[in-house]
Amino acid sequence: MKSLDPRITRWQVDESNRESLEKEHLDQLVTYEVFLQMKEGKAYEHVGIVHASDLDMAFLFAKEQYSRRYTCTGMWVVATEMVTVTEFTDLEENVYDSISTMAAEGNELQSYEVFHLTKRGKQHKHVGQVKAASPEHAQSEAKKHFDDGRPVLNVWVAPSNEFLFSKEEDKVIWSTLHEKTHRDVISYKAADKIKAFKERSQHG
Amino acid sequence: MYGGGNTFEATKFDNLAEEDPIKLDEFEARIARGEKIEPMDWMPALYRKQLIRMIEQHAHSEIIGALPEGTWITRAPGFKRKLALMAKVQDEVGHAQLLYSAAETLGKSREQMMQDLINGKSKYSNIFNYPAFTWADSAIISWLVDAGAIVNQLANSKGSYGPYCRALERICAEESFHLKYGHHAVIHLATGSKIQKDMVQDALNRWWPPMMHFFGPPDRVSVHTEVLTKWKVKMASNDEMRQQFLDMYVPKIWELGLKVPDPNLRKNEETRQWEYTEPDWEEFKRVINGDGPCNKERLAVRRTAEERGRWVRQAILVPKAKYVTPLA
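Chains as they are written, first to last, in my numbering: chain A, 32 to 235; chain B, 21 to 348.
Isolated chain B (complex conformation) (with noise of 0.2 Å):
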């Protein structure tokens, strides 16, 4: 699970005065009922738009988030190791498939999306951007980026759009193993040799500013998403989603020994709020406009694999076939 951090356009509110009024009331009173969106129903051009922007980023981060660990694979240490990060990251391309197939009930088709991955159109989450030195940076990543992205992910799924919730569940319920997974793998490295100590310790001191990224800029200069709010698109804000994220692991972070490369991180027992030192929110943008150290190194892998499979999607097309937007 690898969603997190997602990136809204400014909403523009002018828009809405070209939806009939009373259409978008009764689609805003169902949402109000806390009843889901079916991909028949009548739905406002923005909410549309602003839910294939999330949910194909979703799918991207889950496919190009499978990158940096899949290349450990090969040298996980120990069978076990390898199976499991095996199983895991099949359960992430899976994640993307059911992700694409939840964008696509809304009229996107999966060929444009993956074009719009390929050609640098659409984002992924930021995270992926890094690369991965060591065995312990792909520990690090199967318990604290999934433990970020379960933050993320177990807000959207008490969303209003309906397919996109039923992913969300399914893939939560798939998720359970990858936390426990990772936490156990990091437990074994920092509490084992001296070497392994300071090599899951060097990996969290590179995981950390990217991991605060990871939930996307505070909210005092994010772009007004009162509207997205307010129709179950943004289930919570990414301030409060870093300091969930700071709550639930910081002191299972601290109780394996390690320290969290941060000299002001802690929290402030009277506003019950996690204080840290504010990310490079200028290294973000960077890093997301494609300047990060592995953009073009992620993006020619998927590129190739997708340049090499066509000749095999192409022999078994029927020329027949005919493409029905999915039902549910």
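Isolated chain A, as found in the complex (with noise of 0.2 Å):
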């Protein structure tokens, strides 16, 4: 195959290949929901998520996916499959409404980190943490804890013990943009050049 693409040349593509290219279930791994803390003090917010294989690997490329322009403080990254999904409410009704207050059950009590949607559009806000025996009961904790009357639309646990968080000593690893001017607006000046040229062209 002749490309002006040096990948085509240097992989020896060869273009008779053509059968169908099947791609087997899970091929691309499972999927990560991804918080980030955009400055000290403040929630984390979801963001979104990153296929990977384990946490390790979530965490990686969440850091290059979703702070790699615009810096934060911090980073959770949780399997989608841990987390506990409530209903999804319309309007000013408040999803707690809902949830029945429950006692906990045998188990051993753990940790579940609890994040709220207060408005269609927006994205998930952590407001905490509860001590539950269950996902059920953690959102019948997070009732108990964070049910202020006003509209939470959606409602999501997940085990803390699930998570990774990035820790308070590695910190240094969201101070990386200073050096990376040329990813910057502002280093990309046309005005000036284009003036100097204009007053060359009437000139000349």
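Hints may be right or wrong, so weigh each one.
Label pairs and their in silico Cβ distance ranges [what the hints assert, rightly or not]:
hint: 1; chain 1: B; residue 1: LYS102; chain 2: A; residue 2: ARG41; range: 15 to 23 Å
hint: 2; chain 1: A; residue 1: LEU91; chain 2: B; residue 2: MET106; range: 27 to 35 Å
hint: 3; chain 1: A; residue 1: ILE217; chain 2: B; residue 2: PRO339; range: 31 to 39 Å
hint: 4; chain 1: A; residue 1: LEU208; chain 2: B; residue 2: LYS340; range: 35 to 43 Å
hint: 5; chain 1: A; residue 1: ALA222; chain 2: B; residue 2: PRO313; range: 35 to 43 Å
hint: 6; chain 1: A; residue 1: MET69; chain 2: B; residue 2: LEU44; range: 32 to 40 Å
hint: 7; chain 1: B; residue 1: MET106; chain 2: A; residue 2: ILE217; range: 13 to 21 Å
hint: 8; chain 1: B; residue 1: TRP62; chain 2: A; residue 2: ALA135; range: 30 to 38 Å
Mimicking DSSO-like on lysine-lysine, the simulated pairs with C-alpha atoms at most 27 Å apart in a straight line are [stated by the list, open to error]:
hint: 9; chain 1: B; residue 1: LYS342; chain 2: A; residue 2: LYS156
hint: 10; chain 1: B; residue 1: LYS287; chain 2: A; residue 2: LYS229
hint: 11; chain 1: B; residue 1: LYS100; chain 2: A; residue 2: LYS226
hint: 12; chain 1: B; residue 1: LYS43; chain 2: B; residue 2: LYS214
hint: 13; chain 1: B; residue 1: LYS252; chain 2: A; residue 2: LYS153
hint: 14; chain 1: B; residue 1: LYS252; chain 2: B; residue 2: LYS141
hint: 15; chain 1: A; residue 1: LYS211; chain 2: A; residue 2: LYS73
hint: 16; chain 1: B; residue 1: LYS141; chain 2: A; residue 2: LYS33
hint: 17; chain 1: B; residue 1: LYS272; chain 2: B; residue 2: LYS287
hint: 18; chain 1: B; residue 1: LYS143; chain 2: B; residue 2: LYS69
hint: 19; chain 1: A; residue 1: LYS33; chain 2: B; residue 2: LYS143
hint: 20; chain 1: B; residue 1: LYS100; chain 2: A; residue 2: LYS94
hint: 21; chain 1: A; residue 1: LYS70; chain 2: A; residue 2: LYS211
hint: 22; chain 1: B; residue 1: LYS250; chain 2: A; residue 2: LYS153
hint: 23; chain 1: A; residue 1: LYS229; chain 2: B; residue 2: LYS214
hint: 24; chain 1: A; residue 1: LYS156; chain 2: B; residue 2: LYS56
hint: 25; chain 1: B; residue 1: LYS250; chain 2: B; residue 2: LYS56
hint: 26; chain 1: B; residue 1: LYS316; chain 2: A; residue 2: LYS54
hint: 27; chain 1: B; residue 1: LYS250; chain 2: B; residue 2: LYS128
hint: 28; chain 1: B; residue 1: LYS69; chain 2: B; residue 2: LYS342
Coverage of chain A stretches by chain B, computed from C-beta distances (three or more under 8 Å per stretch; other residues unrestricted) [claimed, not checked]:
hint: 29; region: 52 to 61
hint: 30; region: 79 to 87
hint: 31; region: 97 to 104
hint: 32; region: 213 to 223
Rather than coming from a laboratory, the hints here were simulated on the basis of the structure. Ideal Cβ positions, reconstructed from N, Cα and C, are used throughout, including at glycine.
Could you use the hints to bring the two separately framed chains together as a complex?
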């Protein structure tokens, strides 16, 4: 195959290989939910997902995907399957109104992270932790601690020990942007060059 | 940022008759109030289908669009340009990741999307089926193709589907430097030596026809998209976006002493609309259906990368892994 793309020759791409490609289930691995803290003291907020094989890889990809251009002060990742989601309510309805309070059943209590969505179109924000025996119990405990009557549209809970949290002593990993000015608009000043060009053209 | 010129299937209105009328009313009322639709909400099958199609096409465009510019990284003139182009191409591939994730929330797996791209079942922006012969081509892509995409994306970011809007907001924020970088690179050539000027004029001549195709066929021949407009899936008509692009960028091209290769291009001061030679829509159709100068090699590169990475993905896959549709 003839091409301007050097990869075509380097990889010796064979055009005759035209059998349709079948990707197996899980070939793109599973998904992890990513949460960022944009400034010290602010709540962690959901930003999206990455595909990865484990927490470490998810963290690495998430750092590249979500803090590459605009940095943050902290990052958490957790497997999507570890998150338990409530119903999604409409308009001003509070989802906590439909969650019944329950008592802890036999199991040992463990810590859960709790996230709220308070406005459609926005993203879930971390509100705190509860101790609970199951995800359903965690929802009920969240109602006890975080329901202030104002409408919450959707609640996520996930066991704290399933997260990978960025560490306080690793904060330096978020301060790499200052030397990458080629990614800033301000590095590409055009007005002066255009003005000089126009003046040259008029006089020439 | 590369999305643009989405192709929609003709809308079959009789499909809607099968939808629950009460739920459909609630859904439409929500959109009319300006609220976003989220993955867990009820939505008509047609809405889901067209959104998957649109977001997936956009994601493919980002990933394929990185190829013509990517080939110029190793040959970029100077260290600064090389750094900038690398950062830009990395951004575009990151945008594909964000968009695939948004499409996944609607229930189509990433495996299926990539398979459909490589097997030629899904489309991507037609403009990337053309070659980037010189460095100036790469500069013109960074400036004008990104500019065209911004027109499209700013409109779409006000659409109705929450995850897509959020992805686009992030994309638009990251995008700010691409356009400036592209403009800067074009200014450098256009205000330079005779050889540089000729090189960028030639590149503009090559990219102008695909750029006019970029926003898709004219409204008078486009398939009916009224319902998609009502559902805030399609946010501006092809002609509206083309006019907006011409309004913003033709003066910027002219001020650099470059000539737009269309003798009929002018702004009609009475109608406030740009007039131009009708683009060759037969060529557009031919290229989008696989017969362009670079269709085969774009998919071949993508496919080879896919095949060569397979053993890595298999090696790291945790056997008890369980896929769950992303949440938001």
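*Looking back at the numbered hints, which does the structure fail to meet, lowest number first?*
2, 3, 12
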